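Whole structure, please, built from the sequences with the hints as guidance.
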Amino acid sequence: MTTTASHLPDILKRHDAQLLKDWVKEQLSVSRPEVTSESTLREHAHRFLGLLRDAVQSGDLSDVTGSAWAGVREMLDELSHARAASGSTPSETATFVLSLKQPLFARLRQEVGRDADALADEVWRVTLLLDKLALYTTEVYLKGREELIHRQQYEMLELSTPVVQLWDGVLALPLIGTLDSARTQVVMESLLHRIVETGAAIAIIDITGVPTVDTLVAQHLLKTVAAARLMGADCIISGIRPQIAQTIVHLGVELSSVITKATLADAFKIALQKTGATIGKGAGH
Amino acid sequence: MESIPILRTSEFLLVTIQVDMHDRLAMALQEDLTDQIVRYHSRGVLIDISSLEVVDSFIGRMIGNIAAMSRVLDAETVVVGMRPAVAITLVELGLSLPGVRTALNVDKGMDLLRTSLHGTPNGGS
Numbered sequence: 007m008t009t010t011a012s013h014l015p016d017i018l019k020r021h022d023a024q025l026l027k028d029w030v031k032e033q034l035s036v037s038r039p040e041v042t043s044e045s046t047l048r049e050h051a052h053r054f055l056g057l058l059r060d061a062v063q064s065g066d067l068s069d070v071t072g073s074a075w076a077g078v079r080e081m082l083d084e085l086s087h088a089r090a091a092s093g094s095t096p097s098e099t100a101t102f103v104l105s106l107k108q109p110l111f112a113r114l115r116q117e118v119g120r121d122a123d124a125l126a127d128e129v130w131r132v133t134l135l136l137d138k139l140a141l142y143t144t145e146v147y148l149k150g151r152e153e154l155i156h157r158q159q160y161e162m163l164e165l166s167t168p169v170v171q172l173w174d175g176v177l178a179l180p181l182i183g184t185l186d187s188a189r190t191q192v193v194m195e196s197l198l199h200r201i202v203e204t205g206a207a208i209a210i211i212d213i214t215g216v217p218t219v220d221t222l223v224a225q226h227l228l229k230t231v232a233a234a235r236l237m238g239a240d241c242i243i244s245g246i247r248p249q250i251a252q253t254i255v256h257l258g259v260e261l262s263s264v265i266t267k268a269t270l271a272d273a274f275k276i277a278l279q280k281t282g283a284t285i286g287k288g289a290g291h
Numbered sequence: 047m048e049s050i051p052i053l054r055t056s057e058f059l060l061v062t063i064q065v066d067m068h069d070r071l072a073m074a075l076q077e078d079l080t081d082q083i084v085r086y087h088s089r090g091v092l093i094d095i096s097s098l099e100v101v102d103s104f105i106g107r108m109i110g111n112i113a114a115m116s117r118v119l120d121a122e123t124v125v126v127g128m129r130p131a132v133a134i135t136l137v138e139l140g141l142s143l144p145g146v147r148t149a150l151n152v153d154k155g156m157d158l159l160r161t162s163l164h165g166t167p168n169g170g171s
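Chains Y and X are the protein sequences, given in the same order. Residues 7 to 291 in the numbering used here are what the first sequence spells out, letter by letter. Residues 47 to 171 in the numbering used here are what the second sequence spells out, letter by letter.
The reader is advised that the hints may include incorrect statements.
[Said to hold, decoys possible] Heads up, simulated BS3-like pairs for lysine-lysine below, C-alpha to C-alpha not over 25 Å straight-line:
(1) Y/K267 with Y/K287
(2) X/K154 with Y/K275
(3) Y/K229 with Y/K287
(4) X/K154 with Y/K280
(5) X/K154 with Y/K229
(6) Y/K229 with Y/K267
(7) Y/K27 with Y/K138
Keep in mind that the hints were calculated from the coordinates and are not lab data. Only a predicted model underlies this, so the values are computations on that prediction, with no experimental measurement involved.
The following block contains the structure:
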């Protein structure tokens with residue numbers, strides 16, 4: 007791309023102050039004042055121009071992934087995160103970089119104005135460069151978003167699989183939502199760890215909150231039951247709704263190896279019986 | 047050659063697996079254990095695998111085999127102390143050890159054996 011030496015490093019060096027002033031003015035005209043204040047904008051612009059100047063002098067204009075551009079990339083990372091946190095849209099963040107075009111092009115025209123070919127070359131080069139940097143801010147923004155989504159997904163997994171202790175040696179696992187393999191894994195792990203912690207002999211898996219039970223979900227349930235059994239705990243499956251009972255039979259799912267109960271209360275009664283505890287109304291009744 | 051120690055408590059045999067199992071060791075264990083069950087007229091065997099961190103289908107099968115052999119000699123086998131990760135692995139491997147009794151720790155395993163032999167967890171006559 008760089009057939010002749012670009013005027014860009016030279017311009018950035020000589021017209022530093024003027025560029026900054028024009029650029030900030032340009033940005034203030036398009037940005038919402040409630041999102042970024044003028045002082046932070048000016049500070050960001052100043053830092054970016056400084057880093058850009060250094061990078062342009064030492065690095066290749068057509069490749070912003072090189073080591074010479076590390077400083078600029080780092081600054082854009084930071085800027086993109088800060089802007090995302092303060093509620094800017096990705097296009098507003100990209101505009102931060104793109105709005106540098108106008109003041110820069112004006113300077114370029116002054117410098118190489120007489121030669122139309124050279125001017126077109128310069129403009130093209132600078133456009134490519136700034137576009138790449140603007141795209142980079144968007145990429146960073148998206149990456150941040152994706153990380154957030156992943157983290158939330160994980161937190162939801164953790165939140166939606168509580169293991170509660172009902173009685174000495176009796177655990178309950180109220181399942182809510184569909185059971186896929188990833189969730190089964192988390193459910194299984196948390197149940198088994200709680201069994202170790204509490205020394206529970208019985209675990210009640212309540213599926214009242216599971217909307218549908220197909221063969222896959224049933225298989226996941228049976229896996230969990232088998233794993234708990236290997237740890238020395240018996241499982242009771244409760245909360246089976248009439249429709250689900252019908253579906254299970256129609257699908258031919260074999261649940262006969264597990265104790266099943268219609269409600270959590272029934273399951274709890276059996277669990278108490280098995281652990282040798284009794285619970286009843288007081289003598290006053 | 048290294049071997050897995052078999053401890054004799056008052057009425058049961060206790061096997062603690064602490065090293066990586068391989069074929070020869072497993073064969074030796076099966077031989078030792080069956081010998082001892084016969085010699086001491088043991089009615090129960092506890093296999094403690096609490097220090098086992100890695101299992102494969104081979105170990106799963108071996109445990110199943112030991113349980114089956116003991117049953118033939120009228121001794122009940124209880125596998126105790128399985129770690130959560132090990133339990134999940136065995137289930138994923140499709141080895142849920144049917145016919146093997148399990149307990150959380152050695153204490154509970156002893157209670158289980160006593161209950162099934164005497165009807166109470168406290169020994170009895």
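The hints, checked one at a time:
{"no.": "1", "hint": "Y/K267 with Y/K287", "verdict": "holds, 22 Å"}
{"no.": "2", "hint": "X/K154 with Y/K275", "verdict": "holds, 22 Å"}
{"no.": "3", "hint": "Y/K229 with Y/K287", "verdict": "violated, 37 Å"}
{"no.": "4", "hint": "X/K154 with Y/K280", "verdict": "holds, 15 Å"}
{"no.": "5", "hint": "X/K154 with Y/K229", "verdict": "holds, 23 Å"}
{"no.": "6", "hint": "Y/K229 with Y/K267", "verdict": "holds, 18 Å"}
{"no.": "7", "hint": "Y/K27 with Y/K138", "verdict": "holds, 23 Å"}
The structure is inconsistent with hint 3 alone, although it conforms to all the rest.
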